[in-house]
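Position chain B against the provided structure of chain A, taking the given hints into account.
Note that the protein sequences, when read in sequence, are chains A and B.
Residues 12 to 326 in the numbering used here are what the first sequence lists, from first letter to last.
Residues 115 to 441 in the numbering used here are what the second sequence lists, from first letter to last.
No lab work stands behind these hints: they were computed from the structure.
Any given hint could be a false lead.
Mimicking DSSO-like on lysine-lysine, the simulated pairs with C-alpha atoms at most 30 Å apart in a straight line are [claimed, not checked]: (1) A:Lys128 <-> A:Lys216; (2) B:Lys308 <-> A:Lys128; (3) A:Lys290 <-> B:Lys245; (4) B:Lys245 <-> B:Lys308; (5) B:Lys245 <-> A:Lys128.
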Amino acid sequence: MTLVMNRVLRHESILGLLLVAALFVLSAQSPHFWTTDNLLNQGRLMAEVGLIALPMTFVIVTGGIDLSVGSIFGLCAILLGVFWQNMGMPLPVAMVCAVIVGAIAGLGNGFIITRFKVPPLIATLATLALYRGLAEGISQARSVRGYPEWFFQLGQYDTLGVPTQLWILIVFFVIAAFILGFTTFGRTTYAIGSNEVAARFSGLKVDRAKLLIYGASGLISGLAGVIFVSRVSTTRSDMGTGYELDVITAVVLGGTSIFGGRGTIIGTALGLILMQALKNGLALSGVKGDGTIVVIGAVLIAAILVGNLLSRDGD
Amino acid sequence: MTVALQKITRAAPIRRWKSVFESYGQELVILVALIVLFVGVGLYNPRFISANNLTSMFVGNAYIAIAAIGMSMVIISGNIDVSVGSLIGVLGTIAGTMAVNGYPVILCWVVPILIGMAINAVVGVLVAYVKIPSIVVTLGMLSILKGGLISVTGGAWISGMPPAFMIAQFRLFGIPSSVYFMVVLTLLAALWMKHSVFGRTVYAIGGNPEAARVSGIRIQPSIVGVFTIHGMFAGIAAILFATQLQVIQSTVPPNLELTVITASVVGGVSILGGTGTVIGSTLAAILFAAIGSSLVFLNVSAYWLRAVQGLMILATVLADMARRRRI
Numbered sequence: 012m013t014l015v016m017n018r019v020l021r022h023e024s025i026l027g028l029l030l031v032a033a034l035f036v037l038s039a040q041s042p043h044f045w046t047t048d049n050l051l052n053q054g055r056l057m058a059e060v061g062l063i064a065l066p067m068t069f070v071i072v073t074g075g076i077d078l079s080v081g082s083i084f085g086l087c088a089i090l091l092g093v094f095w096q097n098m099g100m101p102l103p104v105a106m107v108c109a110v111i112v113g114a115i116a117g118l119g120n121g122f123i124i125t126r127f128k129v130p131p132l133i134a135t136l137a138t139l140a141l142y143r144g145l146a147e148g149i150s151q152a153r154s155v156r157g158y159p160e161w162f163f164q165l166g167q168y169d170t171l172g173v174p175t176q177l178w179i180l181i182v183f184f185v186i187a188a189f190i191l192g193f194t195t196f197g198r199t200t201y202a203i204g205s206n207e208v209a210a211r212f213s214g215l216k217v218d219r220a221k222l223l224i225y226g227a228s229g230l231i232s233g234l235a236g237v238i239f240v241s242r243v244s245t246t247r248s249d250m251g252t253g254y255e256l257d258v259i260t261a262v263v264l265g266g267t268s269i270f271g272g273r274g275t276i277i278g279t280a281l282g283l284i285l286m287q288a289l290k291n292g293l294a295l296s297g298v299k300g301d302g303t304i305v306v307i308g309a310v311l312i313a314a315i316l317v318g319n320l321l322s323r324d325g326d
Numbered sequence: 115m116t117v118a119l120q121k122i123t124r125a126a127p128i129r130r131w132k133s134v135f136e137s138y139g140q141e142l143v144i145l146v147a148l149i150v151l152f153v154g155v156g157l158y159n160p161r162f163i164s165a166n167n168l169t170s171m172f173v174g175n176a177y178i179a180i181a182a183i184g185m186s187m188v189i190i191s192g193n194i195d196v197s198v199g200s201l202i203g204v205l206g207t208i209a210g211t212m213a214v215n216g217y218p219v220i221l222c223w224v225v226p227i228l229i230g231m232a233i234n235a236v237v238g239v240l241v242a243y244v245k246i247p248s249i250v251v252t253l254g255m256l257s258i259l260k261g262g263l264i265s266v267t268g269g270a271w272i273s274g275m276p277p278a279f280m281i282a283q284f285r286l287f288g289i290p291s292s293v294y295f296m297v298v299l300t301l302l303a304a305l306w307m308k309h310s311v312f313g314r315t316v317y318a319i320g321g322n323p324e325a326a327r328v329s330g331i332r333i334q335p336s337i338v339g340v341f342t343i344h345g346m347f348a349g350i351a352a353i354l355f356a357t358q359l360q361v362i363q364s365t366v367p368p369n370l371e372l373t374v375i376t377a378s379v380v381g382g383v384s385i386l387g388g389t390g391t392v393i394g395s396t397l398a399a400i401l402f403a404a405i406g407s408s409l410v411f412l413n414v415s416a417y418w419l420r421a422v423q424g425l426m427i428l429a430t431v432l433a434d435m436a437r438r439r440r441i
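With the rest of the complex left out, here is chain A:
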């Protein structure tokens, strides 16, 4: 146990050092980087990916993966517009309904994975296509605009001087860190990832835990979708395309093993901040958006490469 803790702590301290170094280089490169405005704005921009990264950490700790989060994100964004504008629901009800649909979509993933024993990779690859297809089919490429002013409080304005969605991210972060680190459910999650058969024979409710985790993944993706609509003031069916990559990169960069059984929410937060700092720093030094995707991809591969080499030394 202490060995495991040591390894986890080691990864996180390496990551922390890397983050400090990155922040140092970036602030030396551009005077705009280390300003309160820029930092808060970066917090606003990373809230959606950050939110989804929390349940994704649970998913990957169980040894699974959820590729459908970007599609659920897009589907919920579309449905928010449809519920509100086409079906005439009051906006708050529409928001709740959109998030509920996200939870149902996530439970759908969990159901396919636990009931039919389909590997999570393939199950969520199929629902990635299915949920995005539903978003496209329902929206027919029409966008919904004209939301009332109060709705933008969620995504565009500040509460107590900090972007509203950053508060939401912090609250969920604390909840997720508590559940994974200090509850029976958290221990169950690690147990499933370390050895699912052993967890089952120890009497843990493996299927129920997985169902809840994938459901939470869908629910949070839906919530992030609603926040995103509030941030950009419009609804389109291609929203969130490729988000799964950002989210998985943040989680894996944060030291969560892709094979399951290992990882922490703090690590995910560090990975997320490092990734956002990279994006922002590259943008400030004049690299265009597409160039940053290249760096993220390379960072994802490099992170696991280094992790594998290190862990082989440790064994």
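For chain B alone, coordinates are given in the frame of chain A:
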């Protein structure tokens, strides 16, 4: 004696059919689905089975079937590649750029294929020797290739390629060359996978890596080999993709990787590895193209196509899981 002989001769064909169905069940199901689709939609709207529509359907999708051959091999070996769409986009752009700049046509065809093999060999090494799961390597590769392509080209259109370069537009007996490529490559790959040592190795690795290792199969070089060959098929697919129209848009065709994976999985390649054939994946690619085309003739919005794609993967995978449990 005579009675027994009669029994045997009468029973034999049935048994043969049974074994054909057992080993090619999924392929037959797709074939039947294809026939039903062509007859059904053809009756509803005869223009669906006009030579014109069939030609454009095959020419526009043959490259997907060819990419799905390599993808099937990768999935049979127990891996996956989600970067193939980006790779085809990059290789097609390289081919087009070379052709416009006046390189010999042969080089314009061969060099992208070699680059594809080299890139995927790197992927194979990362998967086999560094032991990074293929999903992670190829997710990273997807964003490297896609981001790299768009930042270099800005998504510009390439046009003015010499006619000699346009291999997908060549015709023999009135049939476009892409169709020949699709049929010949599928048959060759199917025979190779079924009868060569390498093919059997790939099945063995996907079926049970531990047993394969204990039987003395060198797993790591074989995995690198599978990814390299997959890169070759992606290269050929990219050449056909780049030469089918007079212009190449130097971006990644949207959702191409998903379409290719769908073809493989729906074609009967089990996502758990170890089973499936490339004939199935080609049939599934044709089926998917036919479904896309029939939506137009049935007056259904093409925006539903992706939902149909998702349902198809899901249904096939669930059927596969159900079949495995019964066995």
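Going through the hints against the structure:
1. A:Lys128 <-> A:Lys216: holds, 15 Å
2. B:Lys308 <-> A:Lys128: Status holds; Cα separation ~29 Å.
3. A:Lys290 <-> B:Lys245: Holds, because 28 Å separates the two Cα atoms, which is no more than 30 Å.
4. B:Lys245 <-> B:Lys308: holds, 27 Å
5. B:Lys245 <-> A:Lys128: holds, 24 Å
Hint violations for this structure: none, all hints satisfied.
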